[in-house]
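K.L.:
Here are the chains, one letter per residue:
Protein chains: 2
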Amino acid sequence: MWRNPASKCYSRDMSTPKPKLDFWYEFASTYSYLSAMRIEDCAREAGVEVRWRPFLLGPFFKSQGWTSSPFVEQKEKGSYMIRDMGRMCAARGLPFKMPEPFPQNGLYAARLALLGEDEGWAGRFTRLVYTEEFTNNMQLDDKIALGECLTAIGLDGDAYLACSEDAEIKTRLRDQTQQALALGIFGAPTFICDGGEKFWGDDRLEQALAWALK
Amino acid sequence: MWRNPASKCYSRDMSTPKPKLDFWYEFASTYSYLSAMRIEDCAREAGVEVRWRPFLLGPFFKSQGWTSSPFVEQKEKGSYMIRDMGRMCAARGLPFKMPEPFPQNGLYAARLALLGEDEGWAGRFTRLVYTEEFTNNMQLDDKIALGECLTAIGLDGDAYLACSEDAEIKTRLRDQTQQALALGIFGAPTFICDGGEKFWGDDRLEQALAWALK
Numbered sequence: 001m002w003r004n005p006a007s008k009c010y011s012r013d014m015s016t017p018k019p020k021l022d023f024w025y026e027f028a029s030t031y032s033y034l035s036a037m038r039i040e041d042c043a044r045e046a047g048v049e050v051r052w053r054p055f056l057l058g059p060f061f062k063s064q065g066w067t068s069s070p071f072v073e074q075k076e077k078g079s080y081m082i083r084d085m086g087r088m089c090a091a092r093g094l095p096f097k098m099p100e101p102f103p104q105n106g107l108y109a110a111r112l113a114l115l116g117e118d119e120g121w122a123g124r125f126t127r128l129v130y131t132e133e134f135t136n137n138m139q140l141d142d143k144i145a146l147g148e149c150l151t152a153i154g155l156d157g158d159a160y161l162a163c164s165e166d167a168e169i170k171t172r173l174r175d176q177t178q179q180a181l182a183l184g185i186f187g188a189p190t191f192i193c194d195g196g197e198k199f200w201g202d203d204r205l206e207q208a209l210a211w212a213l214k
Numbered sequence: 001m002w003r004n005p006a007s008k009c010y011s012r013d014m015s016t017p018k019p020k021l022d023f024w025y026e027f028a029s030t031y032s033y034l035s036a037m038r039i040e041d042c043a044r045e046a047g048v049e050v051r052w053r054p055f056l057l058g059p060f061f062k063s064q065g066w067t068s069s070p071f072v073e074q075k076e077k078g079s080y081m082i083r084d085m086g087r088m089c090a091a092r093g094l095p096f097k098m099p100e101p102f103p104q105n106g107l108y109a110a111r112l113a114l115l116g117e118d119e120g121w122a123g124r125f126t127r128l129v130y131t132e133e134f135t136n137n138m139q140l141d142d143k144i145a146l147g148e149c150l151t152a153i154g155l156d157g158d159a160y161l162a163c164s165e166d167a168e169i170k171t172r173l174r175d176q177t178q179q180a181l182a183l184g185i186f187g188a189p190t191f192i193c194d195g196g197e198k199f200w201g202d203d204r205l206e207q208a209l210a211w212a213l214k
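Protein chains in written order, with the numbering used here: chain L, 1 to 214; chain S, 1 to 214.
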């Protein structure tokens, strides 16, 4: 039977495709930072491919009638999170200075990461933004600082910042955020395997990777 | 210097005291079940002594303006919890049938466990109640069933059920629940080390034990 060498079918014949794991994250989310800094190493070791899925949690919070993050709405939970993040980051050798104000506005960073997902630099960009956010209190809505992050990973910062204002990318982020709501995502990070199995929280990354390999 | 052989001071001289870990749990809480079934084995291995601290989450929920558990208030989070609990219990070889209705009323079980804490049977009683709750949908407010749990661990069920109606034990549970609020406990299970370091969630049990040993 004749086969088009350029077809997806053919490329699947060429090598066994890696199972995929969707990594849904929000730039303002502290626990997303924990996962972003390790997911590619963990996934490489497991033999799983990561799809970076930036989205915004704000619309979910609104759908629950909240005016902010649960870490702001619930004072005790917020204090605990800061302590827990401090312990976790110390154990992993990650910097941790709580962003002020909290939560940050992750809109522009998320749009840029979406562009990066198309071109393969979402991971590098995301890790650098998180590092600046949690080390130097970089403000996520500071476009100049975001442009510097792009430049630092070898990209044309101005060009991508301009792209991030395109109607197309705005719509894509809105759609991706709506998709998160439709998938029943209620927090970040969330990991979703092909087939839909869902894992919430950095603590579940290993389980999500194991499930993806099933 | 003369020493009373029965004094606490003397008994501390006799052997190095184990560090202690307070295990704050609620009988209606699914994730408390996960910890209750393993905490004594884990703590024994670590060389830590567990103090069973049953309390009620209802007053905390009320303080947040909620009418029920977050797993009821937030539909997506509730569905996810059931799936996550199913996976966790399967991995640990624990039975898991979601209690109906949810959440159960843990008042009487908590009062009885308080009595058990004084006499050293809180762990055995708690594990049996959880097992019945998550295997056979035992209703936590079914005093006959609770009495059968007491009998099954070799106690006089009727006598302890009668004790659980004493004003003293009612007050103690109210006080313990107020103490949980004062400690900033916002969910269960919560582990608190001597010195006050707080860990929330079954996923943090190992870290809590390690901290207790510091």
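Among the hints, erroneous ones may be present.
The list makes no distinction among identical chains, and a pair is therefore deemed to hold if it is satisfied within one copy or across any two copies.
Below, a list of computed lysine-lysine pairs in the PhoX-like style, where the Cα atoms sit at most 25 Å apart [said to hold, decoys possible]:
1. Lys143 - Lys97
2. Lys214 - Lys20
3. Lys18 - Lys62
4. Lys77 - Lys97
5. Lys77 - Lys20
6. Lys20 - Lys75
Treat the hints as calculated values from the structure; they're not laboratory data.
K.L.:
Now tell me if each hint is right for this structure.
P.N.:
Outcome of the hint check:
1. Taking the closest pair of Cα atoms, lysine 143 and lysine 97 come within 25 Å of each other only inside a single copy of the chain (21 Å); across copies the shortest separation is 50 Å, beyond that limit.
2. Taking CA atoms no more than 25 Å apart as the test, lysine 214 paired with lysine 20 passes inside one copy only; the shortest distance there is 11 Å, against 40 Å between copies.
3. When the C-alpha separation of lysine 18 and lysine 62 is checked against a cutoff of 25 Å, the pair qualifies neither within a copy, at 36 Å, nor between copies, at 47 Å.
4. Proximity of lysine 77 to lysine 97 under the C-alpha cut-off of 25 Å is restricted to the intra-copy arrangement: shortest distance 17 Å within a copy versus 28 Å between copies.
5. Only between protomers do lysine 77 and lysine 20 lie at most 25 Å apart by alpha-carbon distance; the minimum there is 24 Å, versus 33 Å within a single protomer.
6. Taking CA atoms no more than 25 Å apart as the test, lysine 20 paired with lysine 75 passes in neither setting, with 37 Å inside one copy and 27 Å between copies.
Hints 3, 6 from the earlier list are contradicted by this structure; the remaining hints agree with it.
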